[in-house]
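Asker: Let the hints inform the model, and build the full structure from the sequences given.
Protein chains: 2
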Amino acid sequence: MSAPGRPKREEDPMEAPAAPLVPVLAVVGIGLIGGSFAAALRRAGQVGRVLGVGRRKASLDRALALGLIDEAVDYAEAARRADLILLATPVGAMRGALEALRAGLRPQALVTDAGSTKSDVVAIARAALGDRLHQFLPGHPIAGSEMTGPEAADPELYRGRKVVLTPLEETPTRARDWLTRIWEACGARVLLMDAERHDRVLASISHVPHFLAAAYMAQVSREADADLRLSLAGTGFRDFTRIAAGSAEVWRDIFLSNRAAVLDELDAFSQVLAELRRTLENDPDPRALETFLEQAALARRLWDGRSAMT
Amino acid sequence: MSAPGRPKREEDPMEAPAAPLVPVLAVVGIGLIGGSFAAALRRAGQVGRVLGVGRRKASLDRALALGLIDEAVDYAEAARRADLILLATPVGAMRGALEALRAGLRPQALVTDAGSTKSDVVAIARAALGDRLHQFLPGHPIAGSEMTGPEAADPELYRGRKVVLTPLEETPTRARDWLTRIWEACGARVLLMDAERHDRVLASISHVPHFLAAAYMAQVSREADADLRLSLAGTGFRDFTRIAAGSAEVWRDIFLSNRAAVLDELDAFSQVLAELRRTLENDPDPRALETFLEQAALARRLWDGRSAMT
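Protein sequences appear in the order of chains A and B. So in our numbering, the last one in the first sequence is 331, and the numbering has no gaps at all. So in our numbering, the last one in the second sequence is 331, and the numbering has no gaps at all.
Calculated from the structure, these hints are not laboratory results. Hints may contain errors.
Reference listing, derived: stretches of chain A covered by chain B, where coverage requires no fewer than 3 residues with Cβ under 8 angstroms from a Cβ of chain B [stated by the list, open to error]:
hint : segment
1    : 201 to 211
2    : 222 to 234
3    : 260 to 270
4    : 287 to 294
5    : 303 to 311
6    : 315 to 326
Here are a few chain B residues that sit away from chain A, every Cβ distance over 12 angstroms (derived from the structure) [stated by the list, open to error]:
hint : residue
7    : G66
8    : L81
9    : R83
10   : A86
11   : Q129
12   : L189
13   : A224
Label-pair distances were calculated between CB atoms; the ranges are [as the list claims (entries may be wrong)]:
hint : chain 1 : residue 1 : chain 2 : residue 2 : range
14   : A       : D246      : B       : T312      : 42 to 52 angstroms
15   : A       : A79       : B       : Q316      : 27 to 37 angstroms
16   : B       : A295      : A       : T256      : 23 to 33 angstroms
17   : A       : E190      : B       : N303      : 27 to 37 angstroms
18   : A       : G66       : B       : T256      : 20 to 30 angstroms
19   : B       : P305      : A       : G66       : 19 to 29 angstroms
20   : B       : D175      : A       : P307      : 29 to 39 angstroms
21   : A       : L189      : B       : G255      : 20 to 30 angstroms
22   : A       : A114      : B       : P305      : 12 to 22 angstroms
23   : A       : E190      : B       : T256      : 31 to 41 angstroms
24   : A       : R116      : B       : P111      : 54 to 64 angstroms
25   : B       : R218      : A       : D306      : 52 to 62 angstroms
The structure presented is a predicted model; accordingly, all values stated were derived computationally and were not measured. Just so you know, even glycine gets a beta-carbon here, dropped at the ideal spot from N, CA and C.
Answerer: Rendered as structure tokens:
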């Protein structure tokens, strides 16, 4: 069994330097994330043929009609033909997908994913792939939109966005480099870190805000005068709570799968909230209050400036 | 002394039904809020002459050059000539302004304000105006922007926005009706409630989100790997923290002046946060977690739909 990485297709002796990075791509789950990946590689001229795998025939038909995939296939055929397989499914569906792919997987093939949490995906892959674990390289494209389904696929979705890859000890360097080049061909910037670090960082900058926004939205909406409150809510409220409108099912899974890191970060937040609260209660300290708010405002403005440059 | 309300100007016997609602307006503080009020009334043809009062000559000169005001005057002249005086200053400057206006105030004149908190403004007015208290009607236009200064003034700022008036027991009905028509001429929708209710509602839908966003932003920015975290922060983070970039001085004053209501609402939030947290810690309850998130998501989507219709 050869290590995965940029595939050498013995059946194609004419392969030239201009050959696409991914001769055959299989995407499991052709929605926003998977469809956009296929579309971006197609636009970049870096994919030969795109196979689609999915549970729902209607979605596959739409993906075919939209030109996102060339063929709808089953797991066995995807395993047999693909050089790269992207799992763009909920984390809950990944174990079944990996088990269905495992037996037939080409030795040169690489499997990756697009899940929002990584430690749990690594554990799933370890259990499902066994001695094929070196053929799995977890990833997380930090991009998205409120839309779903093949119609939402956008070849520009990943342009300028970050993609985190969390290589395992088993991951060959050339698999890592190859997948990096593939994401870069989609316009993304790739960062490498271990899965635990990824999950802590995402708990902090994505999951905790969602948790707080949901708790806040629930509190306001349960008050006896909720209608009056909501009728006066303005643009600050709108932006602060926007994320709370996200899919309850998706976020339930994210919180459960990243539970330890989310709870840790909530603790850290609660300590700082208590510190801010102390400047206001009992014996208010206007100076400490202003200093705290000024630090937060500066940090936010600095981030804005930095993110505007990228 | 006649009660304030729509002025009858004895010196102008030719006043016709088409006369402007506000023959002479004085605005103390010609920035975004005050300048936009003058500009909106001017565009509606509902103001005769606009007097500007301010501490900084440069701002007054710019307001004159922009045509927001017709004359820069001092407090004594504003008191002597204006039918309506809008205090568009920080709450901290209101006591001085009211004391400077009090002695010379025309008996028919009405004074209003645009402060974000109302109980404290009522207390200030009570102390500063004494037997002229019936000439003061507190208000809060719920509109704003990140911009400041006369250049930010926009005649459309109040269109479709809510303005809360908190009449006192001393406020004559016709003063309340007159000021309602004036704000409606600016395109706003007027709501009447008492000052305490206003402050509780605003604590809930404006001040608490700011408090939480500031605490959250401070927590993230203090972590040892803050740079890595912030480099991966996306659009959810951006919207959730946007308000934390606001002026520390302005928000310090808001939190201090609405302290009791903010602390009460923070307590209510913390209870609901603890409830959500319990679904995740120790013995996670996926069903309760999803139900909670679904309630929050539905409340947020409903609000979106409702606010889109207004």
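Asker: Indicate, hint by hint, whether the structure satisfies it.
Answerer: Hints, one by one, checked against the model:
no. : hint                                : verdict
1   : 201 to 211                          : violated (count 0)
2   : 222 to 234                          : holds (count 11)
3   : 260 to 270                          : holds (count 11)
4   : 287 to 294                          : holds (count 6)
5   : 303 to 311                          : holds (count 4)
6   : 315 to 326                          : holds (count 9)
7   : G66                                 : holds, 28 angstroms
8   : L81                                 : holds, 28 angstroms
9   : R83                                 : holds, 25 angstroms
10  : A86                                 : holds, 29 angstroms
11  : Q129                                : holds, 31 angstroms
12  : L189                                : holds, 20 angstroms
13  : A224                                : violated, 10 angstroms
14  : A:D246 x B:T312: 42 to 52 angstroms : violated, 23 angstroms
15  : A:A79 x B:Q316: 27 to 37 angstroms  : holds, 30 angstroms
16  : B:A295 x A:T256: 23 to 33 angstroms : holds, 29 angstroms
17  : A:E190 x B:N303: 27 to 37 angstroms : holds, 32 angstroms
18  : A:G66 x B:T256: 20 to 30 angstroms  : holds, 29 angstroms
19  : B:P305 x A:G66: 19 to 29 angstroms  : violated, 46 angstroms
20  : B:D175 x A:P307: 29 to 39 angstroms : holds, 32 angstroms
21  : A:L189 x B:G255: 20 to 30 angstroms : holds, 25 angstroms
22  : A:A114 x B:P305: 12 to 22 angstroms : holds, 20 angstroms
23  : A:E190 x B:T256: 31 to 41 angstroms : holds, 33 angstroms
24  : A:R116 x B:P111: 54 to 64 angstroms : holds, 58 angstroms
25  : B:R218 x A:D306: 52 to 62 angstroms : violated, 28 angstroms
Hint compliance for this structure: hints 1, 13, 14, 19 and 25 are broken, all remaining hints hold.
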